[in-house]
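Keeping their order, the protein sequence lines are chains A and B. The numbering used here numbers the first residue of the first sequence as 1 and each following residue consecutively. The numbering used here numbers the first residue of the second sequence as 264 and each following residue consecutively.
It is possible that some hints are incorrect.
Quick list of simulated restraints, FRET-style, between CB atoms [said to hold, decoys possible]:
id : chain 1 : residue 1 : chain 2 : residue 2 : range
1  : A       : A174      : B       : T409      : 32 to 38 Å
2  : A       : A51       : B       : R453      : 44 to 50 Å
3  : B       : E465      : A       : D112      : 28 to 34 Å
4  : B       : D305      : A       : A255      : 43 to 49 Å
5  : B       : G388      : A       : A198      : 56 to 62 Å
6  : A       : T22       : B       : P438      : 28 to 34 Å
Selected chain A positions facing chain B (in silico; Cβ < 10 Å) [as the list claims (entries may be wrong)]:
id : residue
7  : L139
8  : A183
9  : A195
10 : I196
Taking lysine-lysine pairs in the DSSO-like style, the calculated list, with each CA pair at most 27 Å apart, reads [unchecked claim]:
id : chain 1 : residue 1 : chain 2 : residue 2
11 : B       : K554      : B       : K576
12 : B       : K479      : B       : K554
13 : A       : K149      : B       : K576
14 : A       : K261      : B       : K420
These are calculated hints, taken from the structure and not from any lab test. Just so you know, even glycine gets a beta-carbon here, dropped at the ideal spot from N, CA and C.
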Amino acid sequence: MHVAVCVKQIPDPAAPGRLDPTTRTLVREGKFVMDDSDSYGVEMALQLVQAAGGGQVTVLSMVPNREIKGVKDALAMGADAAIVVSDDALTGSDALSTAKVLAAAVRRAGGDAGVDLVIAATESTDGYTGTTPVQLAALLDLPSVTFAKKVVSDGVKVTVERQTDEGYDEVECALPALVTVTAGVVEPRYPSFKAIMAAKTKPCQVLGIADLGLDASSVGFAGARQEITDVVAAEARTAGDIVEDDGEAHLRIVAFLETLKVI
Amino acid sequence: MPLDKIWVVVEPAGGGAATNGLELLRGARQLAATVEAVTFGDANGAAATLGDHGASTVLTVDTPNAMAGVPVAAAIVAALAASPAPPAAILLPQTYEGRDIAGRLSVALDAPVLANAVGLAEVDGRLVAEHAVFGGSTIVKAAFTTDKVQLFLVRPKSFAAEGGAGAAGTVEALPIPDTGRSGATTVVARHAEERQGPKLDEAAVVVSGGRGLGDKERYGMIEELARLLKGAPGASRAIVDAGWVPYSYQVGQTGKTVKPNVYLAVGISGATQHMVGMKGAKKIIAINKDKEAPIFAIADLGIVGDVNKILPKLIDALKSRS
Chain A
1 MHVAVCVKQI PDPAAPGRLD PTTRTLVREG KFVMDDSDSY GVEMALQLVQ
51 AAGGGQVTVL SMVPNREIKG VKDALAMGAD AAIVVSDDAL TGSDALSTAK
101 VLAAAVRRAG GDAGVDLVIA ATESTDGYTG TTPVQLAALL DLPSVTFAKK
151 VVSDGVKVTV ERQTDEGYDE VECALPALVT VTAGVVEPRY PSFKAIMAAK
201 TKPCQVLGIA DLGLDASSVG FAGARQEITD VVAAEARTAG DIVEDDGEAH
251 LRIVAFLETL KVI
Chain B
264 MPLDKIWVVV EPAGGGAATN GLELLRGARQ LAATVEAVTF GDANGAAATL
314 GDHGASTVLT VDTPNAMAGV PVAAAIVAAL AASPAPPAAI LLPQTYEGRD
364 IAGRLSVALD APVLANAVGL AEVDGRLVAE HAVFGGSTIV KAAFTTDKVQ
414 LFLVRPKSFA AEGGAGAAGT VEALPIPDTG RSGATTVVAR HAEERQGPKL
464 DEAAVVVSGG RGLGDKERYG MIEELARLLK GAPGASRAIV DAGWVPYSYQ
514 VGQTGKTVKP NVYLAVGISG ATQHMVGMKG AKKIIAINKD KEAPIFAIAD
564 LGIVGDVNKI LPKLIDALKS RS
């Protein structure tokens, strides 16, 4: 079984974000890490390949600045190989352009045989658009099951428990397919020191968009076909009473709930 | 100048139309001369409700409630191609199904999507979407620079639903073309999880727990507190990622937007990703041991202390009143 996992490399999500004053898009700088949301997909892929009795996990990532640190994290977890698409022309790409690039990377990873399954997170932590995976599935003409909280496969199909507002749906989907996984779907492993060292020698191909036969006009700012028209401060909330608990703070909460007529 | 026409995708809910769809109809009728609804599943009988909320025509896609992304998108694409007067924009709710439909539409039409909109305005004949970034402290406005149909995913609660806008909409069925490989999914079974009390995004009181609780077992106190206040329990992303509670409990950017009368943040520091989902609450109460926690900057009442000491006393005090 060959599983491709989409991994986004993002700036430290705990660091305060800012907008570029010229392009008014999110500044992505500093040390990059693998988006935590993607560690679940990598783990899921590893478990599915193991359950299938073997195969390959290929990590796919798109990034403007040749960053591979976050991809190494996925290789250290146990993925076999990585394809990183990096190109100056990718700066400013929107979700659809990103999906076009990832679709080309999936085709490259799969070769003539194709991949059996593509896994992605439901959304990234920094951009959180949440449309890229389904756009990727549509571009590859694959069925998709989003918001999986459990995934099993017999090699012919995947059976997914899909989160709904009321509970979950049990969905069967013929392979090849794309699945997005929610956080908590599996427990991501911590790579051992040995695994981290081994990741250094695993194949990690860095390709430009021309290598994938993509046109610069279909990606980056040109491909996004959208513009920021304004940036304004939102209505601010102000802090109210802040009190240290002296053992009786719960009574303050009760009194406040009373004034709000909640109780 | 308002747009000529907008389509609004309205999801079914409990035999009628989902509230987030009615909210979008309200938004759309402030932006366009004609508003039409596209619906599916068991909302096919909701024409009167949809008309009352501003949809002059109700376009129905005969497909079940679950896994509607591929068939609904295919039906919309075919309808757009056949329409003598197609809409300038399509609004979809930022929900499980809404995102699936938008993603499929985007590729079929080669049209970009603006997601997570929290407001929409018409400026010079095109729509400008508002997006809340950096924990909701900043609003970024964005618009398309293409002639393609404008696709927007709008977060629930961005508009307030309001009826009284018209008579029952004319119902028109949209045929579903062959969906080929992408339609190869089957819903084998549907499971409803037992969840007592109001729904998270509709509750007047929301009590959310975070990593400050210390361990999974203590989330029971959040549920009990929510029950005592007739509210709904929620969660920060940190404890959803840790597997303490399911994704459906998550409040925040990657989760639900809530606007209750009272929001209690318990052991939640207030990462930007959480704040954007709850800062619309009328009143916020926060309990956290770190007095520098960002949540205190937006709390109406902030208690600096150990949640595991305060919560049991608060629960006892509330129990003794009931």
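Quick rundown of the hints versus the structure:
Distance hint check for A174 of chain A and T409 of chain B: the Cβ-Cβ separation is about 34 Å, which falls inside the suggested range of 32 to 38 Å. The hinted range of 44 to 50 Å is not satisfied by A51 of chain A and R453 of chain B, whose Cβ atoms lie roughly 26 Å apart. At about 51 Å, the CB distance of E465 of chain B to D112 of chain A disagrees with the hint of 28 to 34 Å. Taking the beta carbon of each, D305 of chain B and A255 of chain A are about 45 Å apart, inside 43 to 49 Å as hinted.
For G388 of chain B and A198 of chain A, the Cβ-Cβ distance of about 58 Å falls inside the hinted range of 56 to 62 Å, so the restraint holds. Take T22 of chain A and P438 of chain B: their Cβ atoms lie about 47 Å apart, and the range 28 to 34 Å is violated. Interface hint status for L139 of chain A: upheld, as the beta-carbon distance to the closest one in chain B is roughly 5 Å, under 10 Å. Satisfaction of the interface hint for A183 of chain A is found here, the shortest Cβ-Cβ separation to chain B being roughly 4 Å, below the 10 Å cut-off.
Checking A195 of chain A against chain B by beta carbon gives a least distance of about 22 Å; that is not within 10 Å, so the hint is violated. With a least beta-carbon distance of about 22 Å to chain B, the hint placing I196 of chain A at the interface is violated under the 10 Å criterion. Restraint check for K554 of chain B and K576 of chain B: the C-alpha separation of about 20 Å stays at or below 27 Å, so the hint holds. Taken as a hint, the K479 of chain B and K554 of chain B pair is honoured in the structure, with Cα atoms around 23 Å apart against an allowance of 27 Å.
Note on K149 of chain A and K576 of chain B: the hinted pairing is violated, with a Cα-Cα distance of about 35 Å set against a maximum of 27 Å. The hinted pair formed by K261 of chain A and K420 of chain B meets the criterion: a straight-line CA distance of about 23 Å does not exceed 27 Å.
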